[in-house]
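Colleague: Sequence:
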Amino acid sequence: DKIRRLESELRILKAMLSVLKGESIKAALTVKPENVRVITLNDEVIANVMEVDGSIRVILRESISKDHPLLESFLVRMLEERKENGDVRNYVIKESRGYVTEVLLEGVSRQSVLRELELALKYIWREIHKE
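Here the working numbering is used: position 76 in the sequence shown is 76, and no number is missing along the way.
I should point out that these hints are in silico values taken from the structure, not numbers from a laboratory. Treat the hints with care, since some could be wrong.
Said to hold, decoys possible - Mimicking DSS-like on lysine-lysine, the simulated pairs with C-alpha atoms at most 30 Å apart in a straight line are: (1) K14 with K2; (2) K130 with K94; (3) K83 with K66; (4) K66 with K2; (5) K94 with K122; (6) K130 with K14; (7) K130 with K66; (8) K2 with K130; (9) K66 with K122; (10) K94 with K66.
As the list claims (entries may be wrong) - Quick list of the computed label-pair ranges, beta carbon to beta carbon: (11) K14 with S73: 24 to 30 Å; (12) K66 with R5: 20 to 26 Å; (13) E84 with E7: 27 to 33 Å; (14) R97 with F74: 19 to 25 Å; (15) K122 with E7: 28 to 34 Å; (16) M78 with V36: 20 to 26 Å.
Treat the numbers as computed from the prediction; the structure is a model and nothing was measured. Using N, Cα and C, we set each Cβ at its ideal position, and we do this for glycine too.
Modelling step: build the complete structure from the supplied sequences, incorporating the hints.
Modeller: Structure representation (structure tokens):
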């Protein structure tokens, strides 16, 4: 199941890359536009959201330091509450070299979770860019 999900994600990412590079659109045919969304704030892209096989991937446009105080006190706390309430089966905050690059939500039972995550990311984005 995990291999199938990862292969599906890989196909979507490859299709998105080919579109961005201006290559053939044939590769992009496997991407369903309704499964890809963009989170914006003041006409600035914050993240891409992809729904893949029951999971939601939120890929940040700009990485956030894993040590940023709002990450633990705000984002992780919100995700933990959603997990305890049963709105999300599990979540994974992916990092690379000390920076958060992606949030993966598995088993989302309510769409309000995605909206809450979107609002949290917008808040953190605003606070980071104030500094």
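Colleague: Each hint should be assessed against the structure and marked as holding or not.
Modeller: Checked hints:
no.: 1; hint: K14 with K2; result: holds, 18 Å
no.: 2; hint: K130 with K94; result: holds, 24 Å
no.: 3; hint: K83 with K66; result: holds, 20 Å
no.: 4; hint: K66 with K2; result: holds, 26 Å
no.: 5; hint: K94 with K122; result: holds, 18 Å
no.: 6; hint: K130 with K14; result: violated, 34 Å
no.: 7; hint: K130 with K66; result: holds, 18 Å
no.: 8; hint: K2 with K130; result: violated, 39 Å
no.: 9; hint: K66 with K122; result: holds, 17 Å
no.: 10; hint: K94 with K66; result: holds, 10 Å
no.: 11; hint: K14 with S73: 24 to 30 Å; result: violated, 36 Å
no.: 12; hint: K66 with R5: 20 to 26 Å; result: holds, 24 Å
no.: 13; hint: E84 with E7: 27 to 33 Å; result: holds, 32 Å
no.: 14; hint: R97 with F74: 19 to 25 Å; result: holds, 22 Å
no.: 15; hint: K122 with E7: 28 to 34 Å; result: holds, 32 Å
no.: 16; hint: M78 with V36: 20 to 26 Å; result: holds, 23 Å
In terms of the numbered hints stated before, the structure departs from hints 6, 8, 11, listed from lowest to highest.
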